[in-house]
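One letter stands for each residue in the lines below.
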Amino acid sequence: MVKALAGLFELPAWEAARHIRGGELLAEEYVSCFLERMEKLDGRVKAYITVVREEALKQARLVDEKVKAGARLGRLAGVPVAVKDNICTSGIRTTCASRMLENFVPPYDATVVERLKAEDAVILGKTNMDEFAMGTSTETSYFGPTKNPWNLERVPGGSSGGSAAAVAAGMAPLSLGSDTGGSIRCPASFCGVVGLKPTYGLVSRYGLIAYANSLEQIGPIAFNTRDCSLLLSVIAGRDLRDSTTLSVEAGSYDGALGGDLKGFKVGLVKELMGEGTHPAVVEALQRFAGKLEELGAWIGKVSLPILEYALPAYYIIAMSEASSNLARYDGIRYGFRAEGEGLDWSREFSVTRSLGFGSEVKRRIILGTYALSAGYYDRFFLKAVKVATMIRRSLTESFKKFSLLLAPTMPLPPFRLGEKISDPLALYMCDIDTVPVNLAGVPAISVPCGFHEGLPLGAQLIAPPLGEGRLLKAAEAYEKAAPEMFKRPPLG
Amino acid sequence: MGEKSKAEKHISRREVEHVAWLARIELSEEEKKLYTQQFNQILAYFSKLAELDTEEVPPELHVVSLVNVYRDDKVEKPLSRGEALKNAPKKREEYFEAPKIL
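From first to last, the protein sequence lines stand for chains L and Y.
The first sequence begins at 168 in my numbering and counts up by one.
The second sequence begins at 412 in my numbering and counts up by one.
Check the hints yourself; a few may be wrong.
Computed spacing ranges between beta-carbons, pair by pair [as the list claims (entries may be wrong)]:
| # | chain 1 | residue 1 | chain 2 | residue 2 | range |
| --- | --- | --- | --- | --- | --- |
| 1 | Y | Glu-462 | L | Lys-225 | 55 to 61 Å |
| 2 | L | Leu-224 | Y | Leu-477 | 38 to 44 Å |
| 3 | L | Pro-274 | Y | Ala-455 | 43 to 49 Å |
| 4 | Y | Ala-455 | L | Glu-269 | 34 to 40 Å |
| 5 | Y | Ala-495 | L | Glu-475 | 28 to 34 Å |
| 6 | Y | Leu-433 | L | Leu-407 | 31 to 37 Å |
Straight-line alpha carbon distances no greater than 25 Å define the calculated DSS-like cross-link-like pairs of lysine-lysine that follow [to be verified]:
| # | chain 1 | residue 1 | chain 2 | residue 2 |
| --- | --- | --- | --- | --- |
| 7 | L | Lys-284 | L | Lys-225 |
| 8 | L | Lys-437 | Y | Lys-459 |
| 9 | L | Lys-647 | L | Lys-432 |
| 10 | Y | Lys-444 | L | Lys-587 |
| 11 | Y | Lys-501 | Y | Lys-511 |
| 12 | L | Lys-429 | L | Lys-468 |
| 13 | Y | Lys-443 | L | Lys-587 |
| 14 | Y | Lys-420 | L | Lys-284 |
| 15 | L | Lys-284 | Y | Lys-497 |
| 16 | L | Lys-654 | L | Lys-207 |
| 17 | Y | Lys-420 | Y | Lys-444 |
| 18 | L | Lys-468 | L | Lys-432 |
| 19 | L | Lys-587 | Y | Lys-459 |
| 20 | L | Lys-647 | L | Lys-587 |
| 21 | L | Lys-432 | L | Lys-284 |
| 22 | L | Lys-225 | L | Lys-235 |
| 23 | L | Lys-233 | L | Lys-284 |
For the chain L half of the interface with chain Y, some residues (derived, Cβ under 10 Å), not all of them [stated by the list, open to error]:
| # | residue |
| --- | --- |
| 24 | Tyr-373 |
| 25 | Ser-414 |
| 26 | Val-518 |
Calculated directly from the structure, the hints in this document are not laboratory data.
Only a predicted model underlies this, so the values are computations on that prediction, with no experimental measurement involved.
Yeah, the Cβ is synthetic: ideal placement off N, Cα and C, and Gly gets one too.
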């Protein structure tokens, strides 16, 4: 029997699901242990916006009943999952961490949530994030910032900060995030967990509240690579409700795991380790590369000068798409509506949006409107899309020589809460190593690779389109060779 | 530069007001001041793209090209009227209530 473990929360999710299916562990017990951790810790970490305690316990008991009745259960039987609060959950408030959607209760599930439920997973709650996923620190949330479980005075990264912090602190074994310009990888790096941004079109965006549709993907966050692989296997695959999904049949990535890295050619990207990179990050990355070499990989260097232009191109495209996507918030069909008597349409609309959106969201909508407006469209939006083409071509070219590219996930260790929030451009600069991946539409994973003054650092592996198996294989081989990098924060 | 001061090289306060109006976001005086200053910093950085020659480069937005994705034109269960109205902040009988247009 697997029970009475003080550290039940540390049991990998894939193993827990197996024990639950076999009747050796009660789903109720497994789910309860995360709820207890939450009660003890989340007052300090603030990873969740909404917790559905009773519903989670009810679902867990249903799983236990099914097991008793001898039913065949899914791949995530009884495994609780925390879901980023920009992914629609039927009957559970979905706020995007915005006043605008503070009371929004979706009437339907996102495709990824349907797929979790079809595999008998248990939704635990909705996690904190930067408002409308616009940020790198989870400080722009209307509900207040999430804290880094490794040091409560530091940011957890963003925008999926709550999802990464929940997994790191053992308040969920698995979580879903979304990644538009690094929003899964950045918090995974800052919180010392594994986070994967899938190939554009691998995972359905149906039910993901849009920020920049041409760039974003939903992806898994987990404490170990095998769990990350399992969660990706469940959510991946074509969806007729999202016409941008690729015609890839759902399957399992587990077959890709195991073995050494002989035959892997890994290219360290020069431009992503520029002078702005913190020395501790450079050093950790070199040790990470050394470990891959010991595992049989060949490590080379690659220079992709066009990446110097990735950050401005990314922000122009993301802001432009945001300005269009967020035009839907008019306070009529759903969302916040300003109280106003006798205001005309335009005025009521403007006041509603002024009060409903936070400072960063307004900044991006207005700049995006500017970049799309007559006279500036060619200079900004069109130019940025052309630069994205150049970046994609440059990466495609490099993959003729390398099986994977390697870079830091973040150029610096987790910074202090409040340290950068008043300087938007300084905060944007932190995304320098993550945005090229979204512009190119390729997959990437962030893996814990070291510590600096007790704060986690992350290595980023980048693969060609649909190279998720390769990313997971390399990450898992590294995890086995360097288990000391996969640690829990000392939260007590 | 004309009438623009050096700090407003890329966008003036009046332009910020205009674009914010286009986006239907009412700004406070403080926000106008802050955004004008921040937008000038950000746009100066964005202007870095002008260094690149992109004359011959096509604007492509997708990594794997998908053309004409179809699904069967089958009737599925729509949201009920009640579900569709549930999240509306103002409603009257079976309708959304909008601000006056005229």
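**Study point:** chain Y contact restraint on Val-518(L) - CB to CB distance below 10 Å
**Key:** holds, 5 Å
**Study point:** Straight-line alpha-carbon gap Lys-225(L) to Lys-235(L), limit 25 Å
**Key:** holds, 15 Å
Check your understanding: Is Lys-468(L) within 25 Å of Lys-432(L), Cα to Cα?
Key -> holds, 10 Å
Check your understanding: Holds or violated: Lys-647(L) with Lys-432(L), Cα cutoff 25 Å?
Key -> Distance ~19 Å between Lys-647(L) and Lys-432(L) Cα, so the pair holds.
Check your understanding: Do the beta carbons of Glu-462(Y) and Lys-225(L) sit within 55 to 61 Å of each other?
Key -> Given about 59 Å between the Cβ atoms, the range holds.
Practice item. Compare the distance between the alpha carbons of Lys-233(L) and Lys-284(L) with 25 Å, and conclude whether the hinted pair is satisfied. Key: Judged against 25 Å, a Cα distance of about 14 Å means the pair holds.
Exercise for review: Starting from Lys-647(L), check that the Cα of Lys-587(L) is at most 25 Å away, please.
Suggested key: violated, 36 Å
Exercise for review: Using the beta carbons of Ala-495(Y) and Glu-475(L), state whether their distance is inside 28 to 34 Å or not.
Suggested key: violated, 48 Å
Exercise for review: Take the C-alpha atoms of Lys-432(L) and Lys-284(L), compute the straight-line distance between them, and say whether it is at most 25 Å.
Suggested key: violated, 38 Å
Exercise for review: For the pair supplied as a hint, Lys-429(L) and Lys-468(L), confirm whether the alpha-carbon distance does not exceed 25 Å.
Suggested key: holds, 18 Å
Review point. Is it true that Leu-433(Y) and Leu-407(L) lie within 31 to 37 Å of each other by Cβ?
Key: holds, 36 Å
Review point. When you check the alpha-carbon spacing of Lys-443(Y) and Lys-587(L), does it fall within 25 Å?
Key: Holds, at roughly 21 Å.
Of the hints listed earlier, those the structure fails to meet are numbers 5, 14, 20, 21 and 24, in rising order.
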